[in-house]
Structures are given as C-alpha cells and as structure tokens.
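Peer 1: One letter stands for each residue in the lines below.
There are 4 protein chains.
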Amino acid sequence: MLIVMQSNATNEKIQKVIDFIKEKGFDAHVSKGADHTVIGAVGRKVMDKRDIELLDGVKEVIRITSPYKLISRVFKPEDTIINVNGVKFGGGFSGMIAGPCTVETYDQMDITAKLLSECGVKILRGGAFKPRTSPYSFQGLGEEGLKILREVADKYNMAVTSEVMEVSQIPLFLKYVDILQVGARNMQNFNLLKSLGEIRKPVLLKRGLSATIEEWLMSAEYLLAGGNREVILCERGIRTFEHITRNTLDISAIPVVQKISHLPIVVDPSHATGLRDKVAPMSKAAIAAGADGLIIEVHHSPETAVCDGAQSLYPEQFAELYKELKVLAKVVHKEF
Amino acid sequence: MLIVMQSNATNEKIQKVIDFIKEKGFDAHVSKGADHTVIGAVGRKVMDKRDIELLDGVKEVIRITSPYKLISRVFKPEDTIINVNGVKFGGGFSGMIAGPCTVETYDQMDITAKLLSECGVKILRGGAFKPRTSPYSFQGLGEEGLKILREVADKYNMAVTSEVMEVSQIPLFLKYVDILQVGARNMQNFNLLKSLGEIRKPVLLKRGLSATIEEWLMSAEYLLAGGNREVILCERGIRTFEHITRNTLDISAIPVVQKISHLPIVVDPSHATGLRDKVAPMSKAAIAAGADGLIIEVHHSPETAVCDGAQSLYPEQFAELYKELKVLAKVVHKEF
Amino acid sequence: MLIVMQSNATNEKIQKVIDFIKEKGFDAHVSKGADHTVIGAVGRKVMDKRDIELLDGVKEVIRITSPYKLISRVFKPEDTIINVNGVKFGGGFSGMIAGPCTVETYDQMDITAKLLSECGVKILRGGAFKPRTSPYSFQGLGEEGLKILREVADKYNMAVTSEVMEVSQIPLFLKYVDILQVGARNMQNFNLLKSLGEIRKPVLLKRGLSATIEEWLMSAEYLLAGGNREVILCERGIRTFEHITRNTLDISAIPVVQKISHLPIVVDPSHATGLRDKVAPMSKAAIAAGADGLIIEVHHSPETAVCDGAQSLYPEQFAELYKELKVLAKVVHKEF
Amino acid sequence: MLIVMQSNATNEKIQKVIDFIKEKGFDAHVSKGADHTVIGAVGRKVMDKRDIELLDGVKEVIRITSPYKLISRVFKPEDTIINVNGVKFGGGFSGMIAGPCTVETYDQMDITAKLLSECGVKILRGGAFKPRTSPYSFQGLGEEGLKILREVADKYNMAVTSEVMEVSQIPLFLKYVDILQVGARNMQNFNLLKSLGEIRKPVLLKRGLSATIEEWLMSAEYLLAGGNREVILCERGIRTFEHITRNTLDISAIPVVQKISHLPIVVDPSHATGLRDKVAPMSKAAIAAGADGLIIEVHHSPETAVCDGAQSLYPEQFAELYKELKVLAKVVHKEF
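Protein chains in written order, with our numbering: chain P, 1 to 336; chain B, 1001 to 1336; chain F, 2001 to 2336; chain H, 3001 to 3336.
Bound-form chain P, shown alone (with noise of 0.2 angstroms):
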C-alpha cells in the first residue's frame, strides 16, 4: 500500500501517518520525491485503506495490484543514481565495471587493473568465490582473492565487485568488496537476498538464467524491503533454444525495466553470448537501447586464463571498444 502525501504536507502530518502505520503491524518506507512524499506501507497484515485516507495530509492511498512496491516508479518516479568510487549508474549516467572472470594470481590482476585504469575504468571485476555446475572444477582462490582484489584496486584507485554466494560470506565481502554481486543461481536465494538487505554497500544483482523480469524485480523487492536501496540490476542474458550463443542477451528488458523501476540496469555481454567477438556488437547495442552501465570480462592474456577465456575481450579490444561507446552514448543522450 502507498500513501502519497498532498505537496504541502509538513513533516509533523507525515511523522503521524508513519506512526499509525506502524501501530498497525506495518513498515514504513519514506520516499522524498520532488513534488510528493511517498510513504510504503509493507506488511503482511491486512489493513483497511480508508483508515489512512481519513489521516491530514493524505493525497490518496493505492492499493498496489502489482507485486512490485519499493523497486517500483509509483513509489519512487526518480531514477536512483548509484555512485561507486565516482562512476555513476542510472539517471542519465552509463557505468563501466570491467576485468577478469577470476582473480588467479596478483600480477594477473596488477597487469588487467593497470591496463584497464589507463583507460579510464574505476570498477574493477574478479571472481573469488565460483559457483561450478561441477564440484570437481576450480572453486576460486577464496578470501586470498578478494585480498588480492583489494590491493590491487587499491594500487591503481579504483573500487572492486565480486561475486558473494554464501549468507557467512558477508562480512569478508563488506570488508573487501564496494559491490556485491549476486549470481544468476542465487537469484532466488532468498535468504541471501534478505542477509543483503541488511547491509548498507551497493548490490549488483544478476536476472536468473530462466527468471521472467517480475520474478527478478521482485528478487530486488527483497533487498529493498531489507533496507537496501543501492540495487543495480544486471541483465546477462537468459536460457533459449539457441545455442550458438551460450545465452539470449535480452536487451528488451532494459527498456521494459526503466520503465516498471528506478533501479539503474546494466548488462554483462561477456556471459550473455560467451563469444568474444560479439562482446563488442552487444555492448553497442546495450548502449543504443539505453543501459546504465556495462560489465566487461578482460584478461591480459585470455588464451591462458583458467576460466571464461573464450568470451574475455583482449585489452587492446576494450580500449577500442570503450572509445567507440563513449562516441555512441552521446548519441543516445547518456554520459559514459
């Protein structure tokens, strides 16, 4: 249920409807927008909603029909801008987290990060915990990775994301980590989700293999109910018949997701065709159909990397292809 509150509701009316609320069973998510307060109310109780309509200063209240409530527009218009380290996602504003698909050794990592920072990117990427369809391949280097993530993020100022898949893994991630990214497998987790919730850092969370886009807004319902409201969705492709792509990027749903939700979406084209040279053509069109930001796999030397070597563009590839998104986002209208 959402409150909207007449534009000159003053704080004392709007503080009396958190607390009736409240008093109900229900909690209560504030929303300043530039016109209206928008109050959530989310709860599992039943409430009449005339009771609120007869409080001062209420506008009307909205039963929600649709599942959606804090990731939605009707509870916030504004786009959420997220800022990492100085790149900003959403609202106008194109992001660009790149790296390899794991952290294997420091001067793996040292080469990639100093390759990548003298071409302007301040997000760096590196696996550290894998999820494996087989228990018999490389599971990642664990908390020695993020280590290594972190000194060497540190060595060239920039921020790092890494994927956490596990509720105990948390505080080594909030230690180490600026973003944490949820895996497309643990996208219904639903207990990592509300652990995730809980924590004040930036969530990148990644659509399912298979999920249709309200099963994923409403993955990222649960992060916002929890609190959390630095949500970045990621948009890296979805199971189909073809296979000559490992998955169907789905660049509709940038689109279909900018207008249901204010979160920033940004797409990861490394994952989505699992062919390097189609990085490149996907990331245009990615940036042509208005993404807020980009996730880029890149290895100093893809031929030898212990995972995902096949869809890791070359260094000298990202720097040509960053040139040519920074030309086309202009065209789009979006500060890269």
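Do not rely on the hints blindly, as some may be mistaken.
[Stated by the list, open to error] Taking lysine-lysine and the BS3-like style, the derived pairs with C-alpha atoms no more than 27 angstroms apart in a straight line are:
hint, chain 1, residue 1, chain 2, residue 2
1, B, 1088, P, 259
2, P, 175, P, 114
3, P, 326, B, 1259
4, H, 3259, F, 2259
5, B, 1032, B, 1334
6, H, 3114, F, 2330
7, H, 3323, F, 2323
8, P, 49, P, 22
9, B, 1330, P, 326
10, F, 2175, F, 2088
11, P, 334, B, 1334
12, F, 2323, H, 3259
13, P, 323, B, 1326
14, F, 2194, B, 1147
15, B, 1122, B, 1088
16, B, 1059, P, 323
17, P, 326, B, 1049
18, F, 2147, B, 1194
19, H, 3334, F, 2330
20, B, 1049, B, 1059
[What the hints assert, rightly or not] Reference listing, derived: stretches of chain F covered by chain B, where coverage requires no fewer than 3 residues with Cβ under 8 angstroms from a Cβ of chain B:
hint, region
21, 2160–2168
22, 2175–2189
No lab work stands behind these hints, which were simulated from the structure alone.
In this text, a Cβ means the ideal position worked out from N, Cα and C, and glycines have one as well.
Given the coordinates of chain P, work out where chains B, F and H should sit on it, guided by the hints.
Peer 2: Relative to the frame of chain P, chains B, F and H by itself:
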C-alpha cells in the same frame, strides 16, 4: 562440396568442372568472387573428391561438414547486397521497410504511404493474407489487399512487401509484390521454400518462433538451393519465458548470422516486442549491433487498427526515430 | 456463440434457430448430445445474443470467452470416437498405429507390416513426403512411397497413415491414405489446415515443436470449422532445454486436452524421446495417464533404416511392449 | 578416475590402493558391489593412471570423460536403495511421501497426519521455511513449524521431510527432520549442497526450474562428493511455454536418470502440474514409467490452505489414488 578454382583459371576450365559435376548428378552453383571462382556442387549423390581435385584449374575441394552450403561465407565470402527500389540491404547498407500490419482500406494505405514517403521510406509493407491462430479472426483482404498495396505504392514510387502463405499464392504475389515475405510460422514449410527458390524476386525469410539460427539458415539454404539468391533474413523475436514483451528480440543473432552467412539480416522490432514504446530502443539496438535493415509497423491511427495497433508507431514517432537512426548508423559505419 | 436448446425442443424449433443464425451470416454446426442439442454459431459478425434468447426452444446462449468453439466440450460434451479399420480412438478406447519412419522399399514395408499385423496392429504408418531441415537430406519416395504403403497395407488388411505437407498433395493422399497426418512443423500452416477441413477423412494433427496447448487446439479448430470432425490430436514432445531426449514428452497434455476437448489424443513416444530404450516407459506412462492411442516407430532392421533408426523399436521389442500395454490399459480402464 | 578391483582382490590390496590415492591428494570413495569393489578417486589433482594400474589387485582404471563420477552407474552399478522409516526408494521399491504444502497449525497437521497414516503413509511432508517469490508473502512458521511436524509425526510413527533453505538452518533440521529437501530454486546453491554433503541424513534434491538433467545430476554429485550417499532425486516439472499446467512434468527424466545413475528418482506431480485434477493421472504415469516414489500434496481442507490449495488432494482422493497406484505398480513390477 565446394570447388575453389585457381585465381588464374580460365572460363573454359571452369566450364569443364561444371560439366563434370553435372554429369555426376549434382547441381552446380557458380560464384565469382574477387580472387577466386567457387563452384558449389549440390546434390544427394556421393562423389569422391579426389576425382575433382585432378581436374585442371582446381585449387582445392572442400567437403562441407557444416550443414550450410550456399548461404555460407565459405561459399561466398562477400556480403550479398540486395537492392530493391534503390534501397540496399547488406554490405554496409541498412534499408528501411515500414507500413501497417494489415492492408485495411485504400484510404488507410494512402495516408500512411504518403507520410512514410515524405520521411524518405521507399519500401512499404502491409499484410493481405494473414496467418491467424484462430479461424475466426480477420484473415486479411486477400488479392484485394495486394491490389491496394500496389496501387498506393505506385502512386508514391515505393516498392512493396507482403507475406505469402501458400505455394498456390505465388503467381499472385509475383504480379503485385516486390519482396515476398515468409512468416515465422512458415519458416519450415519446406514446400513453400522450394517453390520460392524457383522465383527470381527477393524473399524476406522470418525466423521461426522457436527456431535456432542453424534451422533458420537451413531454411534459407532451401531458397538458395532452388536458385534464388536474393534472400533477406529477418530476426523477429523468439519465444522465451518472458511475457512482458511478446517475444524476445535476439539481437545477438545479427553478428552471429553475419559471421556465418553472406546474406543480409534485418530486424523487426514491432513483432519482437509487441509494444510501441519498445520499438525505438530496440531499433537503435539493432542498428548499433550492425543490422542490415529494419522493418517497422506504422499506422496513421493505431487505436483503430484492425490488428496489432499496440505495436504500431504513430507517423510522427516514426519520423523522429528514423532521423535518430540515421545519426546512429553513421557512428557504426552503416549507410542508412 | 453456443445455443443450448431445451431438452424437449422439437426438430422444427431447432431448424428455425439454424435458419436465423445463417441469415445473420453465421455458419451453424449442430451437435446432438444425450440431453441437449447444441448449435454452434460460427462467424466473424457480431450478433446480439438477446435476439436468439427470444427464439422458441432456446435454453441459453453462451458467449464464448474461450477461443475454442467446436473442439470444446462445451460444444460437444461426449468424447469423439474415431474408428479407422475397426480401431477406435477416444471414449475409453486406445488405438495403436505402428510402422517405420519412412517408406524405403516394398520389401521393407512388407516385412514390417507382416510382423506388425501378426501382433494385431491394424494401422500402418510410413512417411512418403518427409519434412527435412536440410534441402540435401532424403526427402522421401513421394507418390511411389504412398503406393507401396497402400499395396502392403491391403495385403494385410491394414489401414495407413502418412504425412501430407502441402495443399496440392491432398488429392494424392485421399487416393492412398486413411488418416492424413499434419506434422509438427505444419501445425500452423493455416492454408493446409483449411484445405484439410474440407475433406472427410480423419486427420492426425501433431503438436508444434514449441506450441502451447491452446495454439494446438486452435489449429484443430481450423479443421472442425471447415467441417471435418474426425480429428485426432497427437502429442509428440515439445522443445525444452533438456537435450538427452530429443524433445520432452508432455504427458500432462493428455488430461489437460481431455478436459477441454472431446477430441481423442494419442502420443508419439518415438519422436518425443528419439531414443529406442525410452519408448517403452513413455508408452506405458502415456497409457497410464489416459492416452487414447499411441503411434510408435518400428523397423525390421533399425541399424540400416534410412532415417530415425535410433528411435525405432525392433519388432520383438514392439510385440513385447504391446502385450504389456494391453495389461496396463485394463488397470486404467481403457480398451486397447 | 575409477579403479575397478579384481573380483578376488583382498581387503589388504584394496586398502593399499586407497592409501596410495590419498597420498596423491585425492579422496577415496569405496563402493563394494556384488562382483567388484570400485574405488572412486576424487580430487582436483592430476594423476597418471598408469601409476595405479601397476598396483596389485587392480583390474582396470577408467578415466571419466563424463562429468559424473559418484552418482554414475559406472561407479556403482547397483541401484541405491534408501530406507526411511521402513519405506524404500529405489531398487524395485517405490515410496510414498505425502502431506500439506505448509505447516499451518498443530491441528491441521494432526488431522492430515492421522488420515494419511490410516492410508498407510509413513513419511509426512510439510514446509516450515518457504521460498517465496515475494518478500511480502507468508514465509512459513520457521522452527515452530518443524516442531509441530516432528511432534505430529511421532504421534503416528511417521518420518518427516521439509525444505532447508540455508546452510545455517542445517543443525535445526538435523534435530527435527528425517529427509532434508533442497528446493528447485536452490538446486545450484553450491554452498548449501557442500554443507549437506557433510551430513549423514537423506537429502531429497529437486530439479531446478530450467535445469538440464546433467546440471541436476552434477548438483547431486556435490552431495556425494561430500560423502553423503543418501540422495533422492526429485523431478518436479520444468518451465516450458505451456501455461495451463504450472510446469511440465518431464516423465522421460525417470528412465533417463535411471540409466545414468544408481540414485532413486521420485516425482512430485503436485508442484509439476499445480492442478489437483492432474495429480492422479500424472502419478499413474510416473509409476508406469518406473518412478522410485512420489511426493504428493494433501490437505484436509484445500479451500482454506495457506498456500497451494489448488494443487492439494482431498484426503479421500488421495486414499483412492494410493490404492490404484498399488495395483498399477504391480503391473510394472514395482513394490509400492
């Protein structure tokens, strides 16, 4: 089997190879490239490739393990450029096709054609025979629709395209239409494909609802095997679990097809998304990814359209989009 | 629109309703059930249902919100039973159809038909026109194949079924074949469906590769709207992400279809799984779930079969399975 | 790598091979079959198989090209039979699990358990922690639910199963529950799988919504690699384009899994179809296809159920079905 001739092979030598192949019961498809003449030997018989390697002027004989032959870049490395009414598809050129879903009346077509023509559009679309899930839905005006389409197009010096559904309709289409469309539901109507292989007008072949790219290209192979080299592929969205959009536009099909095949690939963002406000971003994405053209639904009054009004652009929306696309095309080095 | 007549409505009253409907430009399809006569008014025009409610003998008029009309149990509550050569499909009866994927030679068909006939099979299958993904694959023997099929079937007092691919082939099929099959790729070849609606021989309509049950039933509706009431539906597996089996047999389609429609539904476990050793368990599953019949591929020598040998049963496997299925059918109260 | 010992290999020789493998940094999993002892060497290191072939008593060493190891029939040819409260799953035995979707109150569970117990059911299901798409949906009673489940089950001498969602919940489940369920959304929650590999209670692993059989078996491999050999696989329907049923029950997964793996596979027709009237035919289909058990939702009053009432059987429907299934099971030579 492909026979690559030496670069200095005389016409006489080439003809001898062709004669030999035909004697063995194969069809010979000759393609003169910049450097080499390549002869495609197409047939069901088995032939010992060593027999051909011994002929004069033959550089090498390649047994095709890939299922593709004539649509493949191995057979014809250069882009096929298809020119309809001065509009080019392929080889660095992007072409525009626009018009309503269905031909309704002369006046409707006249108004729309006039507006599109003023924007610079030179190929008009409009359905006369409509494939409908229900036998009780409007099935199109039939020949009357084709007549209107032709008459209006001639008035504005436009070419026309419309969907052919059945072998027996082909003579009618040859009379009225410049590009014959094969709809998604007929992508594997092999008898229709065989018959369209025998005509000498361009065919626009839509991808089936759940077809893989390989299956789609094999359907194009039917057309080329019949002798029709003017085939335009059309990505129009595939069926996925996502239901906010009608289908999921597979933008990555653009670079995938362009790598395997010399045929041009255009994109239909109207059927792919089914939503008017998604047509513009997806058109931009397609062009940014390198599409060789677009086919867009425009109706002078979408609210009253007989079919698919929800996905039809208003003429002024189209005019604005077309301008933006021309700017975008330049950035990715396409002539639109 | 369905008009349910009172149980005591005279023939005269029924005829008056029919005349009224026709005058309004609708087709009338009459179905005499145990209790009530129901008249289906089929057409594109709009009619005020109150006009009909006022006619004598009319019990009620139901506006169909569901897209189905003639295939629906609302129109015809009793099971349609289709009888071919003494084999019944529907209404508590399960029928068996068996034979090779493709007619190869007279001897091949003669050996197979003899073995099947000895097992008690009375309907023989065999392809003469084959829908093939590649234009270079064997496309079937054509009319010669139909002739062999007919000749061999007559020798053993069997009926035959084979796939028709094109409107122009229908006269040929009417000459040789007892049940005309529509393949999965032609499920939405609406012109073919319209033409098959006009014949008066049973049609076996396969479900499309990615078709929903609703789309499939709407294709059956085309046949019934044309006047052909002898339609057998055939579930043959749908495309999913699972690749160990060729397709995924949707067994739940059996009770789903039987609830919505009066038409019989048979199952093709051979094409669904593509694997010989999965045909027996899936045949049993289909019968246990209430299937009205099976269509199974059997080849006297699968190793040398021209096509689909991997999914063809050996004759002795088939004989064993057929015995087991008869026992199983009794348990679920089906006569096989 | 699998080491097959000679049939007369002494325990001493077997132990020497185990010691050698461990020295090389691998885990050794020993499986004593009827004829041969097989040792699975599991680990990330590389080992020259010739080193092992030279050891005394070794018959052969097989390098696994398939991704499966411990779940495979190559490793353990005999069916794994899992016995819970006298109910057997696998090896010719089919087991029944039944109960409501969710534990609501003590009385609800008491009524249902009494009725099921009278039918002969010995394993009770009931959710306490519920994975819900929306953060605002009822999330289950938590530990209170597990307590009720245990108390009621003890009263009727039943065992219980319930879904565990998170690593930190495992100790709680070990206290109350006999079979720990992993839900479809957690099939690739690899940390959860690793932790459940370390316990010594049966785990019921549901197939993911869009998981391939190979991915599912690889998740089971995580459990076995951790040392837990009591794994029951559960097919519960996969996501397809068909929407009349909630999911599409992949019955063919039964024979496919049984060929590859020694683990028992049960079927959940309630979640697969989501429709009460489809549960009976699909249960029969599953048993006819050879399923090693069923898990069925039953509620004493489905109309008032907190969740999934639409797919829950009435107790009398269940009683009737259970009787029919026992007859059917005999026909396919299963003990139910």
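Peer 1: Against this structure, judge whether each hint is valid.
Peer 2: Tested hints:
For the hint linking residue 1088(B) to residue 259(P), the alpha-carbon distance of about 35 angstroms lies beyond 27 angstroms, and the restraint is violated. Taken as a hint, the residue 175(P) and residue 114(P) pair is honoured in the structure, with Cα atoms around 23 angstroms apart against an allowance of 27 angstroms. With a CA separation close to 25 angstroms, the supplied pair residue 326(P) and residue 1259(B) stays within the 27 angstroms bound. Proposed proximity of residue 3259(H) and residue 2259(F) is contradicted: the alpha carbons are some 34 angstroms apart, above 27 angstroms.
Our distance criterion of 27 angstroms between C-alpha atoms is met by residue 1032(B) and residue 1334(B), whose separation comes to about 25 angstroms. This hinted pair does not check out: residue 3114(H) and residue 2330(F) have alpha carbons roughly 32 angstroms apart, beyond 27 angstroms. Distance check on the hinted pair: residue 3323(H) and residue 2323(F) sit about 24 angstroms apart at the alpha-carbon level, within 27 angstroms; holds. With a C-alpha separation of about 14 angstroms, the suggested pair residue 49(P) and residue 22(P) falls inside the 27 angstroms cut-off, and the hint holds.
Taking the CA atoms of residue 1330(B) and residue 326(P), the gap is near 14 angstroms; set against the 27 angstroms cutoff, the hint holds. Between residue 2175(F) and residue 2088(F) the CA atoms are separated by roughly 22 angstroms; this keeps the pair inside 27 angstroms, and the hint holds. Between residue 334(P) and residue 1334(B) the alpha-carbon distance is near 21 angstroms, which keeps this suggested pair within the 27 angstroms criterion. Between the alpha carbons of residue 2323(F) and residue 3259(H) the distance comes to roughly 23 angstroms, so the proposed pair stays at or under 27 angstroms and holds.
This hinted pair checks out: residue 323(P) and residue 1326(B) have alpha carbons roughly 20 angstroms apart, not beyond 27 angstroms. Proposed proximity of residue 2194(F) and residue 1147(B) is supported: the alpha carbons are some 24 angstroms apart, at most 27 angstroms. Of the supplied pair hints, the one linking residue 1122(B) and residue 1088(B) holds, its CA atoms being roughly 11 angstroms apart against a limit of 27 angstroms. Proposed proximity of residue 1059(B) and residue 323(P) is contradicted: the alpha carbons are some 42 angstroms apart, above 27 angstroms.
For the hint linking residue 326(P) to residue 1049(B), the alpha-carbon distance of about 51 angstroms lies beyond 27 angstroms, and the restraint is violated. Distance hint between residue 2147(F) and residue 1194(B) is fulfilled; the C-alpha atoms sit about 24 angstroms from each other, no more than 27 angstroms. With a C-alpha separation of about 17 angstroms, the suggested pair residue 3334(H) and residue 2330(F) falls inside the 27 angstroms cut-off, and the hint holds. Taken as a hint, the residue 1049(B) and residue 1059(B) pair is honoured in the structure, with Cα atoms around 12 angstroms apart against an allowance of 27 angstroms.
Interface restraint, the region 2160–2168 of chain F with chain B: holds (4 residues with C-beta to C-beta distance below 8 angstroms; minimum three). Look at the region 2175–2189 of chain F against chain B: 4 of its residues bring a Cβ nearer than 8 angstroms to a Cβ of that chain, three or more, so the hint holds.
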